[in-house]
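*Asks:* For reference, the chains in residue letters:
Protein chains: 4
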Amino acid sequence: MKETFIKTIENVDLNEPIFIEALPGIGHVGKLVAEHMIHELNAVKFAELYSPAFPPQVFVDENGIIEPMKNEFYYLKSHGEDNRDYIILVGNTQGLSPEGQYEICSAIIDFVGKHGVKQIYTLGGLGTGQPVDKPKVFGAATTKELAEMLKGHNVTLRTADGGIIGASGLILGLGMSNDMMGVCLMGETPGYFIDAEASKAVLTILQKILKVELDIAKLEERAEETRKMISKAQQMEKEMSDRMNIIQGEEDLRYIG
Amino acid sequence: MKETFIKTIENVDLNEPIFIEALPGIGHVGKLVAEHMIHELNAVKFAELYSPAFPPQVFVDENGIIEPMKNEFYYLKSHGEDNRDYIILVGNTQGLSPEGQYEICSAIIDFVGKHGVKQIYTLGGLGTGQPVDKPKVFGAATTKELAEMLKGHNVTLRTADGGIIGASGLILGLGMSNDMMGVCLMGETPGYFIDAEASKAVLTILQKILKVELDIAKLEERAEETRKMISKAQQMEKEMSDRMNIIQGEEDLRYIG
Amino acid sequence: MKETFIKTIENVDLNEPIFIEALPGIGHVGKLVAEHMIHELNAVKFAELYSPAFPPQVFVDENGIIEPMKNEFYYLKSHGEDNRDYIILVGNTQGLSPEGQYEICSAIIDFVGKHGVKQIYTLGGLGTGQPVDKPKVFGAATTKELAEMLKGHNVTLRTADGGIIGASGLILGLGMSNDMMGVCLMGETPGYFIDAEASKAVLTILQKILKVELDIAKLEERAEETRKMISKAQQMEKEMSDRMNIIQGEEDLRYIG
Amino acid sequence: MKETFIKTIENVDLNEPIFIEALPGIGHVGKLVAEHMIHELNAVKFAELYSPAFPPQVFVDENGIIEPMKNEFYYLKSHGEDNRDYIILVGNTQGLSPEGQYEICSAIIDFVGKHGVKQIYTLGGLGTGQPVDKPKVFGAATTKELAEMLKGHNVTLRTADGGIIGASGLILGLGMSNDMMGVCLMGETPGYFIDAEASKAVLTILQKILKVELDIAKLEERAEETRKMISKAQQMEKEMSDRMNIIQGEEDLRYIG
Chain F
1 MKETFIKTIE NVDLNEPIFI EALPGIGHVG KLVAEHMIHE LNAVKFAELY SPAFPPQVFV
61 DENGIIEPMK NEFYYLKSHG EDNRDYIILV GNTQGLSPEG QYEICSAIID FVGKHGVKQI
121 YTLGGLGTGQ PVDKPKVFGA ATTKELAEML KGHNVTLRTA DGGIIGASGL ILGLGMSNDM
181 MGVCLMGETP GYFIDAEASK AVLTILQKIL KVELDIAKLE ERAEETRKMI SKAQQMEKEM
241 SDRMNIIQGE EDLRYIG
Chain G
258 MKETFIKTIE NVDLNEPIFI EALPGIGHVG KLVAEHMIHE LNAVKFAELY SPAFPPQVFV
318 DENGIIEPMK NEFYYLKSHG EDNRDYIILV GNTQGLSPEG QYEICSAIID FVGKHGVKQI
378 YTLGGLGTGQ PVDKPKVFGA ATTKELAEML KGHNVTLRTA DGGIIGASGL ILGLGMSNDM
438 MGVCLMGETP GYFIDAEASK AVLTILQKIL KVELDIAKLE ERAEETRKMI SKAQQMEKEM
498 SDRMNIIQGE EDLRYIG
Chain Y
515 MKETFIKTIE NVDLNEPIFI EALPGIGHVG KLVAEHMIHE LNAVKFAELY SPAFPPQVFV
575 DENGIIEPMK NEFYYLKSHG EDNRDYIILV GNTQGLSPEG QYEICSAIID FVGKHGVKQI
635 YTLGGLGTGQ PVDKPKVFGA ATTKELAEML KGHNVTLRTA DGGIIGASGL ILGLGMSNDM
695 MGVCLMGETP GYFIDAEASK AVLTILQKIL KVELDIAKLE ERAEETRKMI SKAQQMEKEM
755 SDRMNIIQGE EDLRYIG
Chain C
772 MKETFIKTIE NVDLNEPIFI EALPGIGHVG KLVAEHMIHE LNAVKFAELY SPAFPPQVFV
832 DENGIIEPMK NEFYYLKSHG EDNRDYIILV GNTQGLSPEG QYEICSAIID FVGKHGVKQI
892 YTLGGLGTGQ PVDKPKVFGA ATTKELAEML KGHNVTLRTA DGGIIGASGL ILGLGMSNDM
952 MGVCLMGETP GYFIDAEASK AVLTILQKIL KVELDIAKLE ERAEETRKMI SKAQQMEKEM
1012 SDRMNIIQGE EDLRYIG
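Residue numbers (our numbering), protein chains in the order written: chain F, 1 to 257; chain G, 258 to 514; chain Y, 515 to 771; chain C, 772 to 1028.
No lab work stands behind these hints, which were simulated from the structure alone. Note that the structure is a prediction, hence the values are computed from the model and not measured. Idealized CB from N, CA, C, for every residue including glycine. Among the hints, erroneous ones may be present.
[Said to hold, decoys possible] With a Cα cut of at most 27 Å, we get these calculated DSS-like pairs of lysine-lysine:
(1) F:K144 x G:K468
(2) F:K7 x G:K259
(3) G:K334 x G:K468
(4) Y:K516 x C:K889
(5) G:K401 x C:K889
(6) Y:K516 x C:K773
(7) C:K816 x F:K2
(8) G:K465 x G:K302
(9) Y:K516 x Y:K559
(10) F:K118 x F:K208
(11) F:K70 x Y:K658
(12) Y:K628 x F:K2
(13) C:K773 x G:K259
(14) C:K889 x G:K371
(15) F:K114 x G:K401
(16) F:K2 x Y:K725
[What the hints assert, rightly or not] Between beta-carbon pairs, the in silico distance windows are:
(17) Y:K632 x G:D318: 54 to 62 Å
(18) F:D179 x G:K408: 49 to 57 Å
(19) Y:D693 x C:N925: 27 to 35 Å
(20) F:E62 x Y:D693: 54 to 62 Å
(21) Y:D624 x C:N854: 48 to 56 Å
(22) Y:G627 x C:E774: 25 to 33 Å
(23) G:D367 x C:N925: 31 to 39 Å
Chain F extracted, bound-state conformation (with noise of 0.2 Å):
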């Protein structure tokens, strides 16, 4: 594997989908939300994403079955009130470093033009770093016209402050060069935990954006999962920044050869 590649699992034929990124960031908010729609409207997975950007590591799961690094594209067909197809992003990792974030997002550009999409959500979470009571859901676009539509949704636009880092800005700013257009939408996020409250505010305004009906009630039970287990993820979280200083330490035991 000397660059990135994206394996199709099944050759689908989409009408112009909406195509709906929503790989690991803050507070997971955006993959929440996305894995909920994948489950509740039995999207399909259909290509999946490999890559020498991603981080040299494989994930274990809760029955000890080793998970390699990937990003997994889903479609929807004729979707919601205006019958859409939809081609959705998910994943368990983003790209290391800022030039593997290019190949990456350039791979996904690419993968999702040839199926014929010209309008992009990006999912994520902006993080305040203190505690949220009700979380606000921030937004940036790449045309005047979608910024208004934002604000009429309740949307905060950002304004001038900061950019966008990651995935999540970097395929809106390859999409423009691709005649593609798009939002970002950011859920308000203490930002260190698994935060299902933001994702629930990204969705309930996203769903009402693509008149798409979800049942926010399961992304409840989802949540209540979820934040049982958050103690258990800090602990690991702990865990593993011990043993990377391990590693670290171990290093320079490589010298001895």
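Starting from the structure of chain F, add chains G, Y and C where the hints point.
*Replies:* Structure of chains G, Y and C alone, referenced to chain F:
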């Protein structure tokens, strides 16, 4: 996007244009000078540079509109007392990695070389880290003659005390291998805010060297606006840095999948 | 040397060999096991891997002789109760950058794939950062069947608490895309010294799984030597780290030219 | 400039030249030795190496003249008692990233290989981090015979206590794969200043090995000048490090665009 590329917007025929580089750097000193020149002299954008070596992000402007990372080439025809043509390079970012800096600056030198450039001015700031009373202008040159010329314009030559880091240095270095001569002008600046005073000092000398007339008073106005932005900028900077910390904390969360 | 390459020393014809990876990692646990197997079973070196993704350095052995960074492939024919062939990978380093890890591990998977490998064992340590009384062996597998097999051999399955970082994880992940199945065995270790006790725990289980007989007492001896080296190793490590600091200080000196 | 390249200035025909590498490193020990040889023996520059793996910057000399990052190859014909030809490599920088070091050192080995080099001497410093009374010379070699030869010249062999990091190590390691033999000589140095005493120790041994006569008294003089520069150097180093901090603060400002 696998490598740096330059998108031509207008084909222009220029006569040994003088190249002015002012990508963002310390105190945004060069950037302010170049943007003032572009606006006052009605320079015309004719090309844009995109690169996978830019930071993997987008900016959001004051209206919530997404702006991709890019560098922009402007031109001016038959300007100043000597009726010279000009290419001015500005942008919202520089390359992130060392190798990326080389890739981008090489692409820039190739591009301006094809337009007949033989002479380069790179503009930047020289950070002192402490308040500056009346900013001096420091300089360095690729030839003895140009160094003498700088001294004649009250530029303080930098001498053997460090190098010139980033695009302002590298573009001159790479230009030397392509038979281009040039100088770097650096306005003395505390470095921790957008410094219009340092920009005025650089512009004052630059317009004498180039025999170009510019309304420096208007840079005063621009400076005033900039100064108002400073406190906001510092606040944002803090916010950004807080957010980066959250993102990095989040990196560990990714391990949970 | 622009990319990773493998130099073949002997052309060997192997019959669906089992691949054992044991590049240096936490506590040198895997490396000790593999080196013991190589010496006790008289495995034969048949290929060497070199890579620009290795650290830019050489080692010096106990006689002042320079040893380049490399990974080494050994083979065994018709070994153990099942008369299986083996490929064993050891070395004095792993790839340094994440992209480098992918480049090297991909080259390894390509190479062993051409030799007919369908089954992989990666060996490593799991660092606890604190003293370990009686080291457990942790494991993970690419399939449910292999995970069950591990449980049957008293291996503690790792479950959803982080990933497997480095070659031991990545080789299994990349192998999965190449129809290779496999497991990772990790000996519990404090992680901050070369840990022969953890190696013995891993070897005890590995030889039962593979139905291979090895003189574990001799690993005792090797362990004894290793233990004597530990205090020297720690001293060297400190020296190395001091030197690195000096080098980094020196980096600044370079600016003086 | 997409990759490392070597610009030939003069085509020279050399007879199995001895290659001496002395790129800048700890205490500038090797660099001082090689520059002294070049000046005393009137070596002639015949090639220059440029690389995108060098730091993205330029230096400014004592007259305000810009000097690009480069490595320089000099030659000597029929020198010393044995009438040997020589190639001497000096420069103002080494590669920055690990991969860059490999790219550059591979280009160097290719280049000198084409000129018939079979024997390499790499010169450097070994930092102790504390004052050194009478600097020893440490060494390592690619063969037992060369290691014995070093011992015969009162060189202290480095033994299994760490590696040789950077060009001095890597050039020997890559040379081994190209049938070149060689040694590394390292002068003991505190490491935090330009150390002419360590250089004299290395040169004393080197000229005995090579049977070349050099005016070591003149290195005394050069040493004296160097010593005067030291306090200035340390001051600059501080200034540079302050400036780097400012630049890094500035990185955040870039987000404002």
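*Asks:* Determine for every hint whether it applies to the structure shown.
*Replies:* Now the hints, each set against the structure:
| no. | hint | in the structure |
| --- | --- | --- |
| 1 | F:K144 x G:K468 | 41 Å, violated |
| 2 | F:K7 x G:K259 | 19 Å, holds |
| 3 | G:K334 x G:K468 | 14 Å, holds |
| 4 | Y:K516 x C:K889 | 22 Å, holds |
| 5 | G:K401 x C:K889 | 41 Å, violated |
| 6 | Y:K516 x C:K773 | 13 Å, holds |
| 7 | C:K816 x F:K2 | 39 Å, violated |
| 8 | G:K465 x G:K302 | 24 Å, holds |
| 9 | Y:K516 x Y:K559 | 24 Å, holds |
| 10 | F:K118 x F:K208 | 19 Å, holds |
| 11 | F:K70 x Y:K658 | 20 Å, holds |
| 12 | Y:K628 x F:K2 | 18 Å, holds |
| 13 | C:K773 x G:K259 | 13 Å, holds |
| 14 | C:K889 x G:K371 | 43 Å, violated |
| 15 | F:K114 x G:K401 | 56 Å, violated |
| 16 | F:K2 x Y:K725 | 37 Å, violated |
| 17 | Y:K632 x G:D318: 54 to 62 Å | 56 Å, holds |
| 18 | F:D179 x G:K408: 49 to 57 Å | 52 Å, holds |
| 19 | Y:D693 x C:N925: 27 to 35 Å | 59 Å, violated |
| 20 | F:E62 x Y:D693: 54 to 62 Å | 25 Å, violated |
| 21 | Y:D624 x C:N854: 48 to 56 Å | 49 Å, holds |
| 22 | Y:G627 x C:E774: 25 to 33 Å | 30 Å, holds |
| 23 | G:D367 x C:N925: 31 to 39 Å | 53 Å, violated |
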